[in-house]
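Given next are the chains, with one letter for each unit.
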Amino acid sequence: EVQLVESGGGLVQPGSPLKLSCVASGFTLSSTWLNWIRQAPGKGLEWVASITPDGRDTYYPDTVKGRFVVSKDNAKNTGYLQMNNLRSEDTAMYYCARGGDWFAYWGQGTLVTVSS
Amino acid sequence: DIQMTQSPASLSASLEEIVTITCKASQGIDDFLSWYQQKPGKSPQLLIYDATSLADGVPSRFSGSRSGTQFSLKISRPQVDDSGIYYCLQSYSTPWTFGGGTKLELK
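Here the protein sequences line up with chains A and B, keeping their order. 89 is the number that this note's numbering gives to position 105 of the first sequence; each next residue is one higher, with no gaps. Counting the second sequence from 1 gives a position; this note's numbering is that position plus 1211.
Please note that a few of the clues may not be correct.
As the list claims (entries may be wrong) - Reference listing, derived: stretches of chain B covered by chain A, where coverage requires no fewer than 3 residues with Cβ under 8 Å from a Cβ of chain A:
(1) 1236 to 1247
(2) 1256 to 1266
(3) 1269 to 1278
Because the hints were derived from the structure by calculation, they are not lab data. We put the beta carbon where it would ideally sit given N, CA and C, even for glycine.
Isolated chain A (complex conformation) (with noise of 0.2 Å):
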């Protein structure tokens, strides 16, 4: 069966960093893109992050990009989402989803905070 766990979601104050982690099971992220999506409280979806099945190439929204990492181990089958210098606007339930052109299998999803 097909499973993606998010993890690493919480409360933490502007400016500061926090890693999330998406592990993977019923297959390999070797074989698949690994994307971010993030969906602040209410509103719609919005993509932040996906790498290659290699890991070499990496894609980000100009709303992210030079903050957030996106990331992955393929011994661990665990994927990685480093965000830094987090805002207020980033506050969300971010997503992790398997696919290249669609997003077949999400995870439930890990909830981040961003608040003084």
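The hints should help you fit chain B onto chain A, whose structure is shown.
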């Protein structure tokens, strides 16, 4: 960036109706369009990929179509369980962008 304009923002439909939700892309995206359903407190679920292909396990009352840069999700004879928020996503070019969402209420 490619903008995805989704409409309507909300709708209320009866169980006998055909529900149609549309997404219009600001430029050509070929068939790089997928649809998702999200229920309260849950993560989104894939319904349609490549504009018209039904995802595994999704009921056949859901269908997708394309006309140029306009994409539609149709639900034929919706069930009460189809209530939720629906999103489109373009994956033609980064940044991948979602539509604003459509909140569907079945009455």
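We went through each hint and held it up to the structure:
1. 1236 to 1247: As far as the region 1236 to 1247 of chain B goes, the hint holds, because 3 residues have Cβ atoms under 8 Å from chain A.
2. 1256 to 1266: holds (count 5)
3. 1269 to 1278: Not satisfied, violated; 0 residues make the cut.
Figure legend: structure checked against the earlier numbered hints; the only hint not met is number 3.
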